[in-house]
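Just so we're aligned, residue 2 is where the sequence shown starts under our numbering, counting upward by one.
Heads up, some of the hints might be wrong.
As the list claims (entries may be wrong) - Taking lysine to aspartate or glutamate pairs in the EDC-like style, the calculated list, with each CA pair at most 20 angstroms apart, reads: (1) 15 <-> 28; (2) 14 <-> 28; (3) 48 <-> 5; (4) 63 <-> 19; (5) 49 <-> 19; (6) 15 <-> 46; (7) 49 <-> 6; (8) 98 <-> 67; (9) 14 <-> 76; (10) 43 <-> 6; (11) 98 <-> 50; (12) 61 <-> 28; (13) 116 <-> 76; (14) 14 <-> 50.
Don't read these hints as lab results, they were simulated from the structure.
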Amino acid sequence: MAEEDFAGLYSAKKAQVDQFLGQNNAEGALAASLQNPPFACKDDELKKETARMVIGVLAKIKEPGEIGKAINALDPAAQDACMKYIYRGWDLAQPSKVNAVLLTWHAQMVAALGKGIVCRAVMNTRTV
2 MAEEDFAGLY SAKKAQVDQF LGQNNAEGAL AASLQNPPFA CKDDELKKET ARMVIGVLAK
62 IKEPGEIGKA INALDPAAQD ACMKYIYRGW DLAQPSKVNA VLLTWHAQMV AALGKGIVCR
122 AVMNTRTV
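Make the full structure from the sequences, and use the hints.
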């Protein structure tokens, strides 16, 4: 896939996520933001923008009960991508409030899915 294709996919995904958020549907926005992660993209800035978008959606879902519900609504590939984005969020040096939300997400993902989710996110060399 050409780099321009990744930019086009990002734009379409961003519009869909914004539409879900405008409808107060954070779960729908999360599912949309996690579809087709740009694993093969070589443009690190585009990967960072995609990560910021996903992290922004994660930050909208803060309560542990809501997080658990959102996790269970995701398919396994999206769950794995979500954990990768949590780690990517810490790599991007987010503000402490966002880091706290990411930590809550991390704990809820491990509680819901087991330690395997961490292994898959860390051991899989594809980056988001």
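Hint by hint, here is what the structure shows:
1. 15 <-> 28: holds (15 angstroms)
2. 14 <-> 28: holds (14 angstroms)
3. 48 <-> 5: holds (13 angstroms)
4. 63 <-> 19: Status holds; Cα separation ~18 angstroms.
5. 49 <-> 19: holds (17 angstroms)
6. 15 <-> 46: holds (15 angstroms)
7. 49 <-> 6: holds (16 angstroms)
8. 98 <-> 67: holds (18 angstroms)
9. 14 <-> 76: holds (18 angstroms)
10. 43 <-> 6: Within the cut-off at roughly 12 angstroms; holds.
11. 98 <-> 50: Cα-Cα ~19 angstroms, so holds.
12. 61 <-> 28: holds (9 angstroms)
13. 116 <-> 76: Given pair residue 116, residue 76 holds - Cα atoms ~17 angstroms apart, limit 20 angstroms.
14. 14 <-> 50: holds (12 angstroms)
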